[in-house]
Amino acid sequence: VKKLCEEQLRCRTLFATHYHTLVQDFASSKAVKLAHMACFADSDESVGSVTFLYKLESGPSDKSHGLNVARLAKISEDVLSRAYQKSEEFEIEFELKQILASDDFDVEKVKLLWQRAKELKLEATKAQ
Numbered sequence: 025v026k027k028l029c030e031e032q033l034r035c036r037t038l039f040a041t042h043y044h045t046l047v048q049d050f051a052s053s054k055a056v057k058l059a060h061m062a063c064f065a066d067s068d069e070s071v072g073s074v075t076f077l078y079k080l081e082s083g084p085s086d087k088s089h090g091l092n093v094a095r096l097a098k099i100s101e102d103v104l105s106r107a108y109q110k111s112e113e114f115e116i117e118f119e120l121k122q123i124l125a126s127d128d129f130d131v132e133k134v135k136l137l138w139q140r141a142k143e144l145k146l147e148a149t150k151a152q
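If you read the sequence shown in our numbering, its first letter stands for residue 25, the second for the next number, and so on.
No wet-lab data here; the hints were simulated from the structure. The structure displayed is predicted, hence computed values, not measured ones. Hints are supplied without guarantee of correctness; some may be wrong.
To be verified - With a straight-line Cα cutoff of 16 Å, these simulated EDC-like cross-link-like pairs (lysine to aspartate or glutamate) come out: (1) K133 - E117; (2) K110 - E143; (3) K135 - E115; (4) K142 - E112; (5) K87 - E113; (6) K142 - E113; (7) K87 - E119; (8) K87 - D66; (9) K135 - E117.
To be verified - Pair by pair, the computed Cβ-Cβ distance ranges are: (10) S82 - K121: 19 to 29 Å; (11) R34 - D102: 35 to 45 Å; (12) L124 - S88: 18 to 28 Å; (13) E31 - S73: 34 to 44 Å.
All C-beta atoms, glycine included, are put in the ideal place defined by N, C-alpha and C.
Generate coordinates for the entire structure from the input sequences, incorporating the hints supplied.
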């Protein structure tokens, strides 16, 4: 995707809501600048409060607000709950891969992520 956008398409805009690896791919690019739409969001995803400010700001967004937006769109709580669980699983896996790929292996962070994964599995079991 990076090579296609930078070298072949030379596109002016690429809107990606859930393709977080693009942030890493384009972070050092001279041809692409990262930006996001500013918003206020409740830190608790279960509340679902997000207000978009219609203002373009430099740099990547600090997090995805997809679940907040889905709640505003009246997606069922069952679907939102499953999406939240999958999102958390993806985040844990992504963080573990980054730790394993880095030169600075943080055992304590791995333990915390492992504990978080176990808690997620327990929550999923209770929900069924």
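Index of numbered hints that the structure contradicts, given in increasing order: none
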